[in-house]
Amino acid sequence: MSKVLNLAARNLLRYRRRTALTSLLIIIGVMAVLLFVAITGSFKNLMVGQITDSFVGHMQVHRRGYVASIESLPLNLNMPPALADRVRKALSATPAVEAVAPRVKFGAMFSNFTETTSVRVNGIEPTEEAAVAPLLAARQSSGKKGGPLLERGEMLVPDLVARGLQVKAGDTIVLVATNRDGSVNGKTFLIRGTLESATGPGGRDGYVHIEDARELLRLQQPEITEFAVRVRNVENVEKVADAFITATSNIQNKEGRPAIEVHPWQKLSPFANIASMIDVMTISIKIMLVAIVLVAVMNVMVMAVYERIREIGAISAIGTPPSRILWLFLTEGLLMGIVGTLAGAILSVVAIYGLRAAQLTYNFGQQQGLVLMPVLSPWDALVVSLMVIAVSVLASLQPAWTASRMDPITALRHV
Amino acid sequence: MNLICAEKLDKTYRAGDVDVHAVQSVDFVIEPASFVAFVGPSGSGKSTVLNMIGCLDRPTSGTLTVMGTDVSTLDRNASARFRGQNIGFIFQDFNLIPVLTAYENIEYPLIMVQEWPAAARAKRITELLAAVGMSDQAHKRPDQLSGGQKQRVAVARALVANTKLVLADEPTANLDHDSAYRIIGLMKKMRDEFGTTFVFSTHDPKIMREAELTYALEDGRLQLGTGGNHV
Numbered sequence: 001m002s003k004v005l006n007l008a009a010r011n012l013l014r015y016r017r018r019t020a021l022t023s024l025l026i027i028i029g030v031m032a033v034l035l036f037v038a039i040t041g042s043f044k045n046l047m048v049g050q051i052t053d054s055f056v057g058h059m060q061v062h063r064r065g066y067v068a069s070i071e072s073l074p075l076n077l078n079m080p081p082a083l084a085d086r087v088r089k090a091l092s093a094t095p096a097v098e099a100v101a102p103r104v105k106f107g108a109m110f111s112n113f114t115e116t117t118s119v120r121v122n123g124i125e126p127t128e129e130a131a132v133a134p135l136l137a138a139r140q141s142s143g144k145k146g147g148p149l150l151e152r153g154e155m156l157v158p159d160l161v162a163r164g165l166q167v168k169a170g171d172t173i174v175l176v177a178t179n180r181d182g183s184v185n186g187k188t189f190l191i192r193g194t195l196e197s198a199t200g201p202g203g204r205d206g207y208v209h210i211e212d213a214r215e216l217l218r219l220q221q222p223e224i225t226e227f228a229v230r231v232r233n234v235e236n237v238e239k240v241a242d243a244f245i246t247a248t249s250n251i252q253n254k255e256g257r258p259a260i261e262v263h264p265w266q267k268l269s270p271f272a273n274i275a276s277m278i279d280v281m282t283i284s285i286k287i288m289l290v291a292i293v294l295v296a297v298m299n300v301m302v303m304a305v306y307e308r309i310r311e312i313g314a315i316s317a318i319g320t321p322p323s324r325i326l327w328l329f330l331t332e333g334l335l336m337g338i339v340g341t342l343a344g345a346i347l348s349v350v351a352i353y354g355l356r357a358a359q360l361t362y363n364f365g366q367q368q369g370l371v372l373m374p375v376l377s378p379w380d381a382l383v384v385s386l387m388v389i390a391v392s393v394l395a396s397l398q399p400a401w402t403a404s405r406m407d408p409i410t411a412l413r414h415v
Numbered sequence: 001m002n003l004i005c006a007e008k009l010d011k012t013y014r015a016g017d018v019d020v021h022a023v024q025s026v027d028f029v030i031e032p033a034s035f036v037a038f039v040g041p042s043g044s045g046k047s048t049v050l051n052m053i054g055c056l057d058r059p060t061s062g063t064l065t066v067m068g069t070d071v072s073t074l075d076r077n078a079s080a081r082f083r084g085q086n087i088g089f090i091f092q093d094f095n096l097i098p099v100l101t102a103y104e105n106i107e108y109p110l111i112m113v114q115e116w117p118a119a120a121r122a123k124r125i126t127e128l129l130a131a132v133g134m135s136d137q138a139h140k141r142p143d144q145l146s147g148g149q150k151q152r153v154a155v156a157r158a159l160v161a162n163t164k165l166v167l168a169d170e171p172t173a174n175l176d177h178d179s180a181y182r183i184i185g186l187m188k189k190m191r192d193e194f195g196t197t198f199v200f201s202t203h204d205p206k207i208m209r210e211a212e213l214t215y216a217l218e219d220g221r222l223q224l225g226t227g228g229n230h231v
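First to last, the sequence lines map onto chains P and Y. Under my numbering, the first residue of the first sequence carries the number 1, and numbering increases by one thereafter. Under my numbering, the first residue of the second sequence carries the number 1, and numbering increases by one thereafter.
Okay, chain P solo, but in the shape it has when bound:
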């Protein structure tokens, strides 16, 4: 085997410039794919992390029909205490669930006593919310930091609202909300701090304590709008959601239908579509790489066979088995793939380290100054490398087959 490898390597070096050009094509292709995967992958992971860890959670549980009407934040689709208790128990009994946070969501008028604007508000239990959305505290751009996310009587105000109404941490504001029965109630809050906006639904919401929310909405019972859930492995969130739906199928409403609905973050955030587009683009780039490698290697191998017809005739005449001739040419393609892939992968890793060291920043939506930190997973590098090597061998198959089936007499007569 080592002799075949040696002979294949020497044959490749016979046409140095051609081999170098083809290898360069493979190197550029591998680098393009790995850098694309690393950059888009890190962007995707960063955005998914921002969305899930700073406000949405990995998945959410609502009363049936709530998400369809989520724009109007309907109070009549809150979970009554009995239902909320059952759901919480079921979530607690699910091993894949790491943390659960109840929320009461509502729309309110936000007033600084001279001006008013509308705002969406989440009533949260601070400790549980911090466990489900660990990056929420990091979004606080001003005001009192540290300790619980907020205390009773305090509000975290979105930056956009704070700027629009020219309020700041320490100011007093009033929230006026319409209750379920149509009456209006108001309550003053101290601004604990302001929150940076985040991309996606809920990224510009304000936060108050859940008990304050219930008081403002005059909820007689401890109702809950949603449970935000953090799972142990976000990669499995859709499976966890499906399993939870099955496990809670016995929780039914009066019509005998499931009383709750479960949505992983992908169903709640439009960024999931962008993430899917990134995945599709990654696949497209990989297909382009396959095409480049296929054409480049096949071209070289076809030429190699054509230029060595007499040599093939001679080695065939002296008794080299057709299978060994086939392997010889396949090995040449394999070597070209391995060398190109290794060089491409090494250069990609160097480029990725360079990009990380350069600390390039970019903006996305309302989020400014995101740092580009491309990460290449060993798995992605392995998959791309194996794919290129396999395609190199595949591209050599037809020329190698032709060489192995060549009639020695015809080949020896070739001019």
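Hints listed in this document are in silico derivations from the structure and should not be mistaken for laboratory results. The model shown is predicted, which means the values in this text are computed figures rather than measured ones. Cβ coordinates follow ideal geometry from the N, Cα and C atoms, glycine included. Please note: incorrect hints may appear among the correct ones.
[Claimed, not checked] Taking beta-carbon pairs under 7 Å as the criterion, some of the chain Y residues facing chain P (in silico):
| id | residue |
| --- | --- |
| 1 | Leu50 |
| 2 | Asn51 |
| 3 | Leu56 |
| 4 | Arg58 |
| 5 | Ala80 |
| 6 | Gly84 |
| 7 | Phe89 |
| 8 | Gln92 |
| 9 | Val99 |
| 10 | Pro109 |
| 11 | Met112 |
| 12 | Val113 |
| 13 | Glu115 |
Chain P is fixed; fit chain Y onto it per the hints.
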């Protein structure tokens, strides 16, 4: 026992709409350790006969037995195996592998055709390099060798696997006279040393006189009175 025996050997191939009778009703026998030439002008069929003996081509009809094997029945893989085990080839254009040294070219059949252990390979190649007078050129590549030197390497390659039969199609055609005589002399010496049968084709009258047994072909037919012994 005859090494090669051909009876009523025919080879017809199609060129466009015309049937070309390359070899017609040829009979011959070749004994072991003989030095035989097929002679004749271009297109007389001598290469076709060598190709059939070498299992590179199949007869259209007739029987051809090489070392007791009816080679006309062998398929592609069996032919390759048979050639690899029993027959060495020397080509007019040398056909050495350009990226390998003289040593490695001789070694090639022992690795890619047969599978000899390294020590046995080294011993055999050293022996043959000395026999063909190329020990001091062992690590040169073909493009660094003269035509005569290349053909010496080709002779060694043909013999390296202890083959009992070597076929040489116009082995001296690309050599000057001195080199040609030296190669023919070397082939004879190898026959004497290793007991290998050499069958070669030539259209050079001087070279054909070096053969111990000559078969003359014209238009694919064996000429009467040939098969005679020159020595």
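Structure-based check of each hint:
A least Cβ separation of about 10 Å between Leu50/Y and chain P goes past the 7 Å threshold, and the interface hint is therefore violated. With a least beta-carbon distance of about 6 Å to chain P, the hint placing Asn51/Y at the interface is held under the 7 Å criterion. Taking 7 Å as the C-beta cut-off, the interface hint given for Leu56/Y holds, the closest approach to chain P being about 5 Å. A hinted interface residue such as Arg58/Y counts as satisfied when its beta carbon comes closer than 7 Å to some beta carbon of chain P; here the least separation is about 11 Å, so the hint is violated.
The criterion of a C-beta within 7 Å of any C-beta in chain P is met by Ala80/Y, whose closest approach is roughly 5 Å, and the hint holds. Interface restraint check: Gly84/Y against chain P, minimum CB-CB distance 2 Å, threshold 7 Å, status holds. Given the 7 Å rule on beta carbons, the hint for Phe89/Y holds: about 5 Å separates it from the nearest Cβ of chain P. Contact between Gln92/Y and chain P, as hinted, is not supported at the beta carbon level, the nearest pair being about 9 Å apart and thus beyond 7 Å.
Interface restraint check for Val99/Y: the shortest CB-CB distance to chain P comes to about 4 Å, inside 7 Å, so the restraint holds. Here the hint on Pro109/Y is kept, as its CB sits about 6 Å from the closest CB of chain P, short of 7 Å. Interface restraint check for Met112/Y: the shortest CB-CB distance to chain P comes to about 5 Å, inside 7 Å, so the restraint holds. The beta carbon of Val113/Y comes within 4 Å of a beta carbon in chain P, closer than 7 Å, and the hint placing it at the interface holds.
At about 10 Å, the closest approach between the beta carbon of Glu115/Y and any beta carbon in chain P exceeds 7 Å, and the interface hint on this residue is violated.
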